[in-house]
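Asks: Here's the letter readout for the chains.
There are 2 protein chains.
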Amino acid sequence: MKIGFLGPKGTFTEMAARGLFETGDFIPFRTIPSCMDAVATEEVQVAVVPVENAIEGSVNMTLDYLIHKQRLPIIGGITVPIEQHLLVNPDYQGEKIDKIVSHPHAIAQCHEFLQAYYPNAEWEYMNSTGAAAEYVKNHPDLAIAAIANETAAQEYQLKMAHTNIHDFENNGTSFVVLSKESVGVSYKGSAYTEDKTTLMVTLPSDYSGALHQVLSAFAWRKLNLTKIESRPTKTGLGNYFFIIDVEGAMDDVLIPGVVSEIEALGCGVDILGSYPCYTMARNKANV
Amino acid sequence: MKIGFLGPKGTFTEMAARGLFETGDFIPFRTIPSCMDAVATEEVQVAVVPVENAIEGSVNMTLDYLIHKQRLPIIGGITVPIEQHLLVNPDYQGEKIDKIVSHPHAIAQCHEFLQAYYPNAEWEYMNSTGAAAEYVKNHPDLAIAAIANETAAQEYQLKMAHTNIHDFENNGTSFVVLSKESVGVSYKGSAYTEDKTTLMVTLPSDYSGALHQVLSAFAWRKLNLTKIESRPTKTGLGNYFFIIDVEGAMDDVLIPGVVSEIEALGCGVDILGSYPCYTMARNKANV
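Sequence lines, in order, name chains A and B. For the first sequence, the tail end lands on 333 under this note's numbering, and the numbers increase by one without skipping. For the second sequence, the tail end lands on 333 under this note's numbering, and the numbers increase by one without skipping.
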């Protein structure tokens with residue numbers, strides 16, 4: 047199976063893709079839209095893209111392109127803990143680091159560590175944590191280090207000089223798997239956590255309490271929401287819409303009941319996917 | 047007044063800062079945390095950082111750092127339309143562009159334009175749209191173009207070869223102004239749109255319908271919500287919290303009423319700010 051992911055190699059998105067799929071051709075794409083387009087043109091069978099709290103790539107980019115440009119079903123999800131490490135060349139023995147390279151978000155996420163350990167090191171921004179690791183690999187003569195993940199350390203045979211240097215202990219990034227159909231896609235079973243259904247709800251107009259009415263349809267059925275996010279519409283269909291994640295798979299009674307009730311209120315409802323979710327174990331890199 | 051913003055020069059954040067303040071020292075910072083820290087240490091009086099749908103910098107970074115690390119009041123907001131242009135050196139006369147440079151998100155946002163006009167041009171990623179414009183300025187010998195905004199065009203004296211090349215017409219980025227106090231901060235009055243109050247609500251536990259109960263407190267008072275977003279907590283205080291934007295300024299009756307009612311449900315409530323919001327006019331760059 048051909049698996050597209052937001053590249054380059056050694057990013058958190060590659061980590062997510064390899065966490066979900068045992069085997070396959072893992073193909074990096076330069077942007078989220080090009081990765082999703084490759085599913086539409088059948089260049090790849092599935093695409094793995096970040097959807098929440100991403101280091102590389104933007105949540106909004108994924109949701110906007112999915113909703114407005116390339117409507118592909120969500121067929122799976124995975125949460126990857128954000129664990130950043132300080133990577134150096136394996137033969138590097140010194141203590142002094144002149145320069146730290148990484149994606150701007152990754153550098154910002156290790157703000158406290160850098161202030162405490164390397165207050166005088168210069169920073170240089172790279173396009174991704176993977177690109178930073180590659181840069182360190184290609185410059186063994188320099189006293190530099192990259193902030194990147196374990197996959198990047200393996201990919202570029204770098205040594206982890208410090209592990210888990212990120213400021214927030216429980217930070218994670220969520221990724222979704224997009225595909226034309228879920229048939230023939232199988233995941234590693236070990237890290238399965240729950241089934242989830244994602245809905246997009248468009249409100250008829252921006253009036254007080256509209257969202258409250260919509261949530262009533264979930265609340266009295268005791269359907270638990272794990273995420274709700276409002277986004278401005280870009281198409282003139284309404285003022286804003288909501289992305290709502292519901293615990294549980296699509297069924298014959300409860301979720302169809304919610305959908306007809308919300309539609310009766312004058313809202314638009316689209317089911318973006320009903321799919322299994324996985325969680326990657328934390329602290330893999332405590333070496 | 048010293049105004050810190052997420053740099054470098056020529057970014058959308060600088061555009062937001064200059065849209066809000068008539069005069070002042072505009073000081074670029076390398077990361078969102080360092081920009082916010084500079085307010086705490088009084089190096090600058092206010093910080094302007096992106097909070098939603100940003101090109102450079104991440105929404106989550108701003109909210110997370112604000113909530114968990116550096117709790118500064120929000121004292122103002124501005125929405126800037128995302129208008130991307132293709133910038134070339136002023137003496138460039140050719141038709142052929144070998145390479146397009148910009149931030150990965152900006153390149154992704156102009157996906158359709160690039161496919162239609164420059165399908166064969168190479169892309170090179172830069173740390174920001176501002177950095178891309180600077181790169182074009184410094185390489186007048188190359189057949190290259192940057193995707194960036196009007197501020198960057200002015201900053202680096204570049205020519206707009208194509209204007210408004212972004213795929214989505216109504217895309218915008220929201221920024222907030224953070225400061226220890228709002229006294230002595232005055233905005234340009236022209237683009238004022240509304241007052242807004244931002245609340246952070248922590249739910250006691252992840253049970254069905256908890257959010258529905260919280261929203262009831264707003265709904266029966268006919269308080270209109272303009273944004274709601276769920277975020278995972280990182281501190282172990284609860285499973286998740288919500289950032290809620292309410293139309294209208296803090297008053298003596300309605301919002302305090304909401305707060306006591308939500309607290310009676312066992313939730314935690316923090317008021318992150320009550321502040322005037324501004325909107326920058328669209329299509330300034332239709333030249």
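Think of the hints as simulated: they come from the structure by calculation, not from any bench. Hints may be right or wrong, so weigh each one.
Copies of the same chain are indistinguishable here, so a pair counts whether it falls within one copy or spans any two.
[What the hints assert, rightly or not] Simulated crosslink set (EDC-like; lysine to aspartate or glutamate; CA at most 20 Å straight-line):
no. : residue 1 : residue 2
1   : Lys55     : Glu168
2   : Lys273    : Glu227
3   : Lys226    : Glu201
4   : Lys142    : Glu170
5   : Lys115    : Glu215
Nothing here was measured: the structure is a model prediction, and the numbers come from that model.
Asks: Now tell me, hint by hint, if it's right for this structure.
Replies: To see whether the hints hold, each was checked on the structure:
no. : hint            : result
1   : Lys55 x Glu168  : between (25 Å within a copy, 19 Å between copies)
2   : Lys273 x Glu227 : neither (24 Å within a copy, 33 Å between copies)
3   : Lys226 x Glu201 : neither (30 Å within a copy, 45 Å between copies)
4   : Lys142 x Glu170 : within (16 Å within a copy, 31 Å between copies)
5   : Lys115 x Glu215 : between (35 Å within a copy, 13 Å between copies)
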